[in-house]
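Asker: Sequence:
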Amino acid sequence: MAMVMMLLVGVVFGADVLDTPSGRPVSLVKGQVDGTKCEVEAVQRANSAQLHSILEELANTTYFRLVRVAMDEDCAFTWGDKNKDEVTCGSSPPGGAAAAFGFGSSSSPAGGGASLCSIEPIGNEVNPFITDSESSVIEGEFDDDLDDADDGSIKPDFWFDICRPPRASDKLDYVNLLLNPEHNTGYNGSHIWEAIDAENCVSIGRGLGTGGYCYEERVLQRLLSGMHESTTIQVLANYYPPKKGEVAWKPNNEKFMATVGKHPDWLKNLNFAYLVTLRALHKAKPVLYNWEYSTGEPANDENTQKLMKHLLDASEMKLCSPVFQGFDEDSLFPADRADRRQLAEQFKSVFQNITALTNCVRCRRCRLHSKVTLLGLGTTLKILLTPDVSLLPSALSRDEIVALVNTVHKFSHGLMEVGRLTNLYLEDQRKLVARVARPAAAFSNSGASVMELALSYVAELPLSQADEDLLVDAIVDKDEAVLSLAASFPAEAFGRHALRYLKSKPRTAKDTRRSYDVVVVGGGLAGMSAAIASADRGARVLLLDKSKHLGGNSAKASSGINMRMDATEECYDSFLSDTVRSCESGLGPCEHPELANVLVNDSRDTVRWVEQRFGVPLSAPVKLGGHSRPRTVRPQGGIIGAELTAAGSKVAHKMPNIDVINNAQLVGLIVDHSTEHKTVEGVRYTIGDNEETIEVLSNSVVLATGGFGFDVSSGSLMAEYRPDLLDFPTTLGPHTTGDGIKIAVRDADAGLRDMDQVQLHPTGFIDPKDPGARTKVLAAEILRGVGGVLLDQNGQRFCDELGTRKYVTAKMLERADETGGASRAFSILLPYDAIDGPAKRHITMYSSRGLLQEVDFRGAVKFVGGDAWKESAPASSNGRYFVGKVTPVIHYTMGGISIDTDGHVLDTASNVIDGLWAAGEVAGGVHGRNRLGGNSLLECAVFGKRIGDRLPVEGHIDVDQPRQPEQRAPTRKSVGLVELAGHNSPSDCWIALYGSVYDFSDYSSEHPGGSSAIEEGCGKDATETFKQVHTASLVGDMGFEPIGVLEEEEEEEEEEESASVDARHRRADDEL
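Those letters in the sequence shown? Residues 1 to 1072, per the UniProt record's numbering, in order.
Hints should not be assumed to be uniformly reliable.
EDC-like mimics (lysine to aspartate or glutamate), calculated; alpha carbons at most 16 Å apart, straight line [what the hints assert, rightly or not]: (1) K623 <-> E302; (2) K742 <-> E720; (3) K309 <-> E56; (4) K250 <-> D265; (5) K654 <-> D536; (6) K503 <-> D469; (7) K650 <-> D536; (8) K250 <-> E611; (9) K283 <-> E400; (10) K348 <-> D161; (11) K623 <-> E297; (12) K654 <-> E468; (13) K306 <-> E56; (14) K870 <-> D856; (15) K623 <-> E400; (16) K306 <-> D566; (17) K285 <-> D313; (18) K283 <-> E194; (19) K973 <-> D999; (20) K806 <-> E584; (21) K654 <-> D469.
No wet-lab data here; the hints were simulated from the structure.
Let the hints inform the model, and build the full structure from the sequences given.
Answerer: Here is the structure:
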């Protein structure tokens, strides 16, 4: 059977695909791109080498992320003619399925009624938030864009209006594409694509080319197919929404391979579309090179200009140079054709009709992306078909250039996603083959295979924590009786007999001397990264954490994580320069630049690993204080620290070769001092209030125990190294006491670095309910990034709030000294409009905890102590503000244990201590005198993974996920309409669909179509509304399981009772 599986996989994908290393972009199609002289492989090499990273950074700039779209134009097409049973050239699509989506008549508004997918203009399916600085970019940009063009002849300016401008009466929306990423909305747009295909007809040229299609028609067909393919890829890459307790959208690898993977011609069309749009960029180089990318922010404008020049000058733009001759736009509408003018007029009309079809897309997010992409394709055609490049500067608008760049980026990203999704699919297939190939005879009474079987049984069984720990202990200790039971019984019987045996067996001292390949102490991002990376290599890992849950201080991080955005030397040099400059802080050379070099050099691969391994997609980069360019990424929908640690904890707990023990306090290291060089051989720890010391042996001990900034007691590290800061509050958790540092020094003679370097963060909230609390909630820097200002006791601004942490803190302490130094309390003030932007989650959370208050202007003046800020602070559109009190807080300790570039701990003589490693805040020397914002999580991930990739592993554990138990379908309870109606709030939301009841509690904020569509359906049967937009299988496809069956009325009920229920049904539908 295993051989059959291997042959099947090889036949479908080819041996070369099976042998492709994980992580490298995989090609599902090879050979020449139709219509060009370029090979697919050359396109993909160039895209992954540099073009994609530049386009990614360019599309994320302020200038290119803002697009202007007419979102509310009327649909001029009709569906629903039951007499038509096929779509023909120039006809409208038939009724049937399409009609069920609300396209029954031309009198129906394009938006239709509220639905579980589409959100009306008052909703938030397309997030309309534009910051004040972004507004300055778009003001006055488009005054002259609405002139009508009426020249239809083949003159040099004939193609200027192929992108038909909006009518003067149309409402134009400014949209930030970063806030509206493309993902699965459940919208069925097949009728739109059918209509696009039907409109793609140039009848004058019929019969003159291949298959009855003229050359012009084939070019347009390939461009539209490439657009369709890139949309499909993006939807499949972000297919399953995060469920309650999850943080990331997940791909549908199976569906990707069943659709995209089986149609290499579609992928070739995507390559074709990418090359043609690149050719347009290449031709327009004289225009784009000197275009004024003005946003009113000189630094950003200069960065955008540099990125554009970097793209246009990239060696890959000359890639497969014949491509720029291979596709020849001069072959379109040749001068020797007698019907050239009519053909051109019809071609332009066809493209404009296709563009108009986007007004019929009911899902507003889908409409947004289709409009931008078609405008980008139209701009491509305008550039390529305009014979004189000198005419382009006056012919191109900001709208068109923005759309062109975003379209090229979309096609580029689609090609990258093909590689990623293919690798994920192939990895699933390899695991399947490995499981099938595992011979039954291997499950004997000894060896790793039966151990793996036993561990998979434990993962299947519903066990208490104590019983699970007891079984795992016995299995990893290779208890022969337990392994024999695993080889002889199915899971349930194994669990029953093994627990009965173990609980009757006297425990001996030997039971406390278990052995692991790796012991990781500390469950923050550094510890998780080390544990998961080493476990992925087959290591048996023990992960200890002193708290009740994994996460540590990493869970509190909110700024983001930095990364090198591309592989160029320029990008590397700028990141390293920023890091070293922060490290030096103007006080002399950075003492350990080799560590900063590792941090920067590994950042790109490590952050991509975290993103993929933890399953948390990270958004486009932003620019933090102290950085020369944007390079800080974070999840779009949450706080990065919480999201990464929650996801990492889930991964660690699911891996069969990682044992996680919480409430575990490290008390010592087991060290062999008998040789010239010390060797760490294990750890000693206690659990909870139990004073019994447990010893665990291991070849590698990783300390990821964090810093020491919380403990200011006598004898603490803070008291020893920074007594001047003992009266400052902190954002750090009570577990941040420097245990790992103290024990490493005491037991292994570890060296220390930079212990006097402690970072103060300028803004920790002063809770009005407990103003004297030592631990403060961090007021994240995003509050200042969206317009928040800091005010002294008289309501005056005194600093640039977007400066580095060190600068802002110094200004606050300086102002406190000027006012007598009695109080370090300051006010933070934000305009109310900020709640509609990227800080919405933060503002909502802080407000719910009473740390921010909503006030009017008079209340703001009273709260901050004056009105001196009113001229310099951002204005509020409704006259309301959010205000709170903040103070500088101990936030991070740069000093710690001495390490080398691989994470080995060094002793006081700078010799490697064998078997001992350190990562994260416990280690010193990486940041020097001051840590650059966004580098803390990066340090954890880089050095944690670096250690996990390098420490010695016996490699005898198969790390496939444990088998899922066979489960009988659960019996679903009946839910009546009255019970259903009782679950009618966002946090307690049941919705009936197709006779089944689903729990959508806390899902509304994640719904791609906006929260109101879900919330309006809570407590009701929303089947009819759902049918208008979604297919019946959508809920199951997205991973939701029914919790019950909607109870039907009994036949014997009184007629009037049945009528009453029917009326309630109708009312529920009407309300939806």
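Asker: Against each hint, give a clear statement of whether it holds in the structure.
Answerer: Status of each hint after checking the structure:
no.	hint	verdict
1	K623 <-> E302	14 Å, holds
2	K742 <-> E720	12 Å, holds
3	K309 <-> E56	14 Å, holds
4	K250 <-> D265	26 Å, violated
5	K654 <-> D536	12 Å, holds
6	K503 <-> D469	12 Å, holds
7	K650 <-> D536	15 Å, holds
8	K250 <-> E611	11 Å, holds
9	K283 <-> E400	15 Å, holds
10	K348 <-> D161	9 Å, holds
11	K623 <-> E297	13 Å, holds
12	K654 <-> E468	13 Å, holds
13	K306 <-> E56	14 Å, holds
14	K870 <-> D856	13 Å, holds
15	K623 <-> E400	26 Å, violated
16	K306 <-> D566	14 Å, holds
17	K285 <-> D313	9 Å, holds
18	K283 <-> E194	32 Å, violated
19	K973 <-> D999	13 Å, holds
20	K806 <-> E584	12 Å, holds
21	K654 <-> D469	14 Å, holds
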